[in-house]
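J.: Protein chains in written order, with full-length UniProt numbering: chain Y, 1 to 493; chain V, 1 to 493.
Calculated from the structure, these hints are not laboratory results.
Where chains are identical, the list cannot tell them apart; a pair therefore holds if satisfied intra-copy or between any two copies.
Computed list of lysine-lysine pairs in BS3-like fashion (alpha-carbon distance at most 30 Å, straight line): (1) 351 / 262; (2) 25 / 136; (3) 86 / 116; (4) 253 / 101.
On a predicted model such as this, the values are computed, not experimentally measured, just so you know.
Here's the letter readout for the chains.
Protein chains: 2
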Amino acid sequence: MAKELKHMTKRAENYSQWYNDLVIKADLAEQSAVRGCMVIKPYGYAIWEKMQAQLDKMFKETGVQNAYFPLLIPKSFLSREAEHVKGFAKECAVVTHYRLKATDDGNAVEVDPNAKLEEELIIRPTSETIIWNTYKNWIHSWRDLPLMCNQWCNVMRWEMRTRPFLRTSEFLWQEGHTAHATREEAEKEAQTMLHVYADFAEKWLAVPVVQGVKSETERFAGALDTYTIEAMMQDGKALQSGTSHFLGQNFAKSFDVTYLNKDNKPEYVWATSWGVSTRLIGALIMTHSDDNGLVLPPKIAPIQVVIVPIFKGEEQLKELTAKLQPVIDGLRELGITVKYDDADNKRPGFKFADYELKGVPVRLAMGGRDLENNTIELMRRDTLEKESVSFDGIVEHVKALLDDIQDNIFHKAKAFRDSHIYECENYEEFKEKVKDGGFFLCHWDGTEETEAKIKEDTQATIRCVPYMFEQTPGVDMVSGKPAKYRVIIARSY
Amino acid sequence: MAKELKHMTKRAENYSQWYNDLVIKADLAEQSAVRGCMVIKPYGYAIWEKMQAQLDKMFKETGVQNAYFPLLIPKSFLSREAEHVKGFAKECAVVTHYRLKATDDGNAVEVDPNAKLEEELIIRPTSETIIWNTYKNWIHSWRDLPLMCNQWCNVMRWEMRTRPFLRTSEFLWQEGHTAHATREEAEKEAQTMLHVYADFAEKWLAVPVVQGVKSETERFAGALDTYTIEAMMQDGKALQSGTSHFLGQNFAKSFDVTYLNKDNKPEYVWATSWGVSTRLIGALIMTHSDDNGLVLPPKIAPIQVVIVPIFKGEEQLKELTAKLQPVIDGLRELGITVKYDDADNKRPGFKFADYELKGVPVRLAMGGRDLENNTIELMRRDTLEKESVSFDGIVEHVKALLDDIQDNIFHKAKAFRDSHIYECENYEEFKEKVKDGGFFLCHWDGTEETEAKIKEDTQATIRCVPYMFEQTPGVDMVSGKPAKYRVIIARSY
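Using the sequences plus the hints, can you model the full thing?
T.: If you want it as structure tokens, here you go:
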């Protein structure tokens, strides 16, 4: 085992520490000099770029356009929508001055007290307020609707406890903001984007998700309904991985955005917003990875195939490269990302461990004996299975294998998830069992009191009213009152 | 003429107002509620996305990787590099607090005085300081070099006078930051990126540029040399469109970044940084556009071809669509972006004016008579020439035309630029002539005094020591002293 892996905590020892170790050791991200803000390193950023490219395509296919709105929001905007101010006013970075000046000794800088802003500005924690203040001027008649914009940007929420990707003060995300003529259309849009997220999570990240509606307490500040995708991590905890909000007319009313309908009468516009963030990288890591490092789904892996020639001397390397070049070219022609690692300052064992750590889905290795036998060694990262296969037809073999790995890790994650969803109607049993993780499908009386009690007793929260389970009426396990539907309860990140 | 154009200022009347009008009317951007920050609207952002995609590809081809560094920079970092603090400490957005709280009446928010940061944070005006503080931990030996990262992000400089795209408090850009083992390698890298920018400007934006070196006064704060591409706008003014800096060891020394060389001895690392921004959209507009609106080079136009059917009633539209569909499909198969505008709530005249305004390179229109004659009307935006051509072979015709337009607008801009470069050795003549714009190729004695006098007398500045002209020694037209080289002097944006 190479030294990269030596000091990596095992999942069974300490899942949380394993995660933190892996983020660092796989070169994904690190803490920065600014509290709670991370540096996303090239390998981590390459994963984000692949996510962005695919999501962006999926958004555009639904008619969404990209735009860019200012980073800073006037303080007063946050007060315009009552619910929103409660939800977001708390922990924000506040800009109060616009100039520094040299200190008297000339060796440092200090804030220039003469450069105080009349109104403080907030670094966006999310952009509903400034966007709706802008939409006011863009929307006049029914012909201007629907208006569907998205932006890829950074946002900031001054979190007290941070963990790389999962919760950081600054993070990268996309935020879509749409305006519609009718309630029905806006609700449909919010659902459409939820399904886009679910599709993306399952088909690209191979992360199975539970789609559903949030309880009132867990809703986005200012929304009438929040739809969510909830993924289960390997410790059985839930990770909220994307949300889509039906905002009703709240922002339109606060920012006075009306349109003239076909009868030429003014009406308030209906809104949605939806976002996913760099947190998805956390979901990816915690769903698939193992004690040897990352396991990446082929569709999102920055390097899909690594080829390592095992050689003694220039001559043999030349021979191996000549043999392997058509494989490299053939894979690349199929759109597969290949790294050919012929560096001579690292041992093959070191390379192998490093690519395992980084979750490269397929590793090919070839040495002198393979040349003689017309074989090649193939390792798949998901199962760590290694086999010697015929060199002939290796390109097609690898292509099929990548699809197989993508399927396999999804089904593995789904099987794990499904075997950790428990129907539960007994609160004592629930309290005992929830400590070990899992999603609990329980009847809920719909009251905040019950929700609060569960949280207080167990730290678990209502994740959503899931779409995937039949909604039979029953009895709330906590209050004993009648319950109209079942919810997923879990501890969460 | 459609009403969009009615109130647009002509270039000859007021070039500056024409620019501002065009940015608004072509739906590129608008001022936001935050002073000096703009909203980039979908059509403007689509241009930026095309620029990004191409530049990103070109960067990666040179071995650069993307990453992401924090938005906020500790105030003390700005003091670490003496030159840098002078250059950037002035007009910055300063974060002093991390929380808001509800006002006593609960209807608004105010800054929580208890949430004052121990050390103020600055919104990045550029990221050298925080990146070199990070690189310190990434660089240990010669094996870690070169390190070449780029980030696409927002930055903020609290400008007093702002104009959309050209100078805004917040703007979008990319900033590349590289670390090298030797001086030669770093200088070469800075040059390589300058050439990437020049290539991109000329081949993609069709904007001819003068490449050269900045004078000491105009250098980036902390650099040993700044290389620049300077474009000429239609009013003869220069627009600095991209810069690449050879930073020497200044940042490595300030942030103590050393590497062990092959002899195992510590040495300071050599640095470069380089960036282009949304300002390029300003360069694009002011180089090519005319009194009818934008003129976009085909390679960067969000819509390359618009097809407008001219119809009376559903039946005729159906017939036209059936005839046009193979053209739409054929163009798209060639990777050409086509908009088929069959909306029935706008007159063709309105549509034509709108696409002219938005600079769509090629417009095809087809009506009943064209159907009979097997013809189609074709308009090219660069010359506004309209002709009726045979419907047969129209796909290939349009493809060739797009290439021709790309060439034509580049050569037009280049001819304009070249005819406005003047060799000048007489200061009186220079002072008179510079008022009308143009690039002046003059001998310079290399002193700050001369540079300052020219600026004071004429508002013109030394743009660069250009590579494209022979560097003969001569006499400075201002001081009469010997001059080693010639510089480009111009008024600029």
